[in-house]
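Single-letter residue listing:
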Amino acid sequence: MSTVAPPETGQLTKEQLLEAYRVMRTIREFEERLHTEFATGEIPGFVHLYAGEEAIAAGVCAHLTPDDYVASTHRGHGHAIAKGCDVKAMMAEIYGRKTGLCHGKGGSMHIADLAKGMLGANGIVGGGPPLVCGVGLTARVKQTDQVAVSFTGDGGSNQGTFLESLNLAACWNLPCVFVIEDNGYAESTPPAFHQAGVDIAKRADGFGLPGVEVDGFDFFAVHEAAGEAVRRARSGAGASLLVCKVMRYYGHFEGDQQTYRGADEVKELRRTRDCLDAFARRVTEAGAVEESDLSDIDESVRALLDEAVAEAQAGPHPGVDEVLTDVYVKY
Amino acid sequence: MAREITYQTAINEALAQEMERDPTVVVFGEDVAGGMEAPGEDDAWGGVLGVTKGLYHKYPGRVLDTPISESAYVGAAAGAAASGLRPVAELMFVDFMGVCLDQIFNQAAKFRYMFGGKAKTPMVIRTMWGAGIRAASQHSQALYPIFTHIPGLKVALPATPYDAKGLLIAAIRDDDPVIFFEHKVLYDTKGDVPEEPYALPFGEANIVREGSDVTVVALGRMVSFAQEAAEALEDDGIDCEIIDPRTTSPLDEDTILESVENTGRLVVVDEASPRCGMASDIAARVAQDAFADLKAPPRMVTAPHTPVPFSPVLEDAYVPTVESITAAVRETAGAGAPSAA
Amino acid sequence: MAQDSRVGIVANPASGRDIRRLVAGASVFGNADKAGIVLRVLAGLGAAGVRTALMMPAFDGLSAALERQLHAHATAERHHGAAPLPSLEALPMPLTGTAADSVRAVELMRAAGVSVIVVLGGDGTHRVVAKACGDIPLCALSTGTNNAFPEVREGTVAGLAAGLVATGRAGDGALRRELALAVELGDAEPELALVDVILSAEPFTGARALWRGSGVSELFVACANPSAVGFSSIAGLLQPLPRAGGRGMHVRLTDDPAEAHLVLRVPLAPGLLAAVGVAGFRTLELGEEVATAPGSGCLALDGEREIERRPGEHVTVRLVPGPLTIDVDAVMRHAARVNATRMHPPPE
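Residue numbers (numbering that gives the first Met the number 0), protein chains in the order written: chain A, 0 to 330; chain F, 0 to 340; chain G, 0 to 347.
Rather than coming from a laboratory, the hints here were simulated on the basis of the structure. Glycine is no exception: its CB is placed at the ideal position from the N, C-alpha and C atoms. Do not rely on the hints blindly, as some may be mistaken.
[Stated by the list, open to error] One-sided excerpt, in silico: chain G residues whose CB lies under 7 Å from chain A: (1) 18; (2) 21; (3) 29; (4) 30; (5) 202; (6) 203; (7) 205; (8) 206; (9) 309; (10) 310.
[Said to hold, decoys possible] Below 25 Å or equal to it, Euclidean Cα-Cα: the simulated BS3-like pairs (lysine-lysine) are: (11) A:115 with A:97; (12) A:87 with F:117; (13) F:52 with F:189; (14) A:97 with F:117; (15) A:115 with F:117; (16) F:117 with A:141; (17) A:329 with F:117.
[Stated by the list, open to error] Coverage of chain A stretches by chain F, computed from C-beta distances (three or more under 8 Å per stretch; other residues unrestricted): (18) 95-101; (19) 108-114; (20) 124-136; (21) 155-163; (22) 315-326.
Just chain A, same shape as in the assembly (with noise of 0.2 Å):
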């Protein structure tokens, strides 16, 4: 991902806009392929899919370099690539193969590239919170300028973790960035029963620290207030809260029926409000890229897919000895 912060007045440079094109159009391949294989019965376990929400992960990485840290959710895909780490590794991980990003050990849940920052996808809804907060402390006693970002959901932010971390990273002034991505539904609830009508903005208000509130479907409204709440973190002025509004297009995991959701919510949304589309148009018609521009990137993107899949399909399991490997530093 880039590492250069955008100039002072928001505008971004032609390489930033396809770089951001590239890494949500990495996602949304990766997730639709991800969702044909598994419907093949060869992928074991279970995925999150995060298709639709991939301007969140795009706008707010890209503000961040390598030694920042990211810590995901269960659906970590988007982070993951967003954040840098390898697609071909972790499709591999995600088949269980000993060339996976994990060497198999930890499938989709559990994708993670510490070299990287990206301190793992998480089976525990709410994991990922203390984790950013300790992130913090180390900048702040190694006295260095990184920045630490959390993605929960909806569901995650009614977590006691979550409004644990949002008190403790007021309290130690940490460099954070608490994203919150409410997708409408927590598992199978959607807000209106799981939080009372609530503002998740708001909450941090009761923290002392900024909430705001975005459109998640849209990548400049992401990028612009995640770009000002990373200046914010870096500068040393606190943390925050960025609620981005967005919703899924797949299920909680796959096989998940979703007839919890309205008929034809899914069709609405891939016509009218889809990230790349939006973004795809605006930025053809401001004049600041080709199209031709965009439809290269989707070529290259669909092979590198393409291998990815393959060379995971063909890729070595670990050796069974290999259960017994990496528990510890040295016993």
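We have chain A already, so just place chains F and G on it with the hints.
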């Protein structure tokens, strides 16, 4: 140079010496400074029982009070460890583990494994355990078996000031997550402790007393109870070998097995409650791996399967006593009823 | 007294939580606070004899907060002489979670024959309502961030005044004809702004709220209040104009110190004071149409970047008559003069 100091001071010294040596060691928890941003002293308490007193001023910025918010700050310890610090977080009473257990056993314990060996989590959680100060059921438990059970964690239980300093220094230097259990009744006990820093290896038991008749494995506060029992039993001609594992994960099975090979008899003394504890763990391993050497069934001396009661009369009946240890040894030794003497 | 008078209420759930929380000193205006204001408005409406209030089925939790507060109100002890609240009915409409919902709600309110619409929101919400309300008077209450258009007014009295207007007891001088700015971009349908239209060089609408002073080339205002917060304060601090006084202003701004005739420090957002360079300004007469300088970027309407202007697209701005708003102070003075709040007969 060794001199006599308390268990509590030994812990304080270990922390200070490691903080001196390594700028990435940070200490945080409820009241570890004990007054930060309060109108009076910033470190009025230095820990609820004074164990961390003095560190706040010596290492500014590296000793932090936390809100009463274990899941956030224990999780922060995991995140900080994964990103380059060596945090020593305090879980004031191990009884509070319920509010932060996920951060310990699903996050910190599993990072290295789940991430294919590409993470290390060098954190220590210091925590108080044990019955005996009438603190009742929610402040007196011995929950190390639960942590011992979790792959990815290490567990240390010092019984003496010497072990406390050496094991804590080792724990801080260890690149894996360690839960460090400090028995609250032992804080005031004294023992010889070298001035200079030293690290005791994990997975190496301490043979507290050599003997040839019965192997007595004892943990924590029970080590000194076992020593008292051994003296009384000497008069009856029963020669006890007392082994303190010091760490339950990793566990020094070899020393225990070698001893049983020699004595043929085993008594395990554990203050924790009986189901799925260290006593049953060690007894089962010995039964499996040294069956041929055993001349009598292994015996387990533990607390009963109850919460810790409050009333002093009841708490004293709850914790294993010297008498219950001697009775168990006699039974194993085949001596039947205790001697009249 | 008009029987069966109906009043519409538009309460925008989305206002008060945009990026200005991060870049300026604004705090979040939450659903519970808005529900509280609606409750107070209903109390005032009820006291004025309004029997029915119509509201958009609120998206995003405002309904839940309101229902709880209404329930608490209904089960609380009755005060001596208290009037019943109007019954609150939800308009039959699906929600998209966009500004189109407010427009649809207002259209339905018009069809249902409401005599007044009470609006809770910022400049942006009022703008959207004004596009669709025709000549139905608005009671404009502030819950947004800059609030140059709506006023900060206690809900109970606003409700009472709105109710007196709705039941025909407000007298002359109760209503004000505001000014507005009609914006035409190429062939698209004209847009409306109630406070200001700003041309910004930023190519994308981003996080909507406009708070950066740099990159802004032109400013049109329908009111020039020197005490306002937001870009219109530039006009107000150059040359104050009375509200609804028939004139607006066109200001040319510049980032180039050589071009600036003067530089002002103005409150662009709560807690945010910034320097802006003024290249020139003139007043606008009602009906006067101005073509903007050519260029591309965003058009911000009432402080929110709304339209992405492509290179070559032609933009004109015209000062036009706007919506009718209720002058609450005038209504209450009249009410005092004609004893509108006297109860017949006095309560037991």
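Query raised in the report: Of the numbered hints stated previously, which ones are contradicted by the structure, given in increasing order?
Result: The structure breaks none of the hints.
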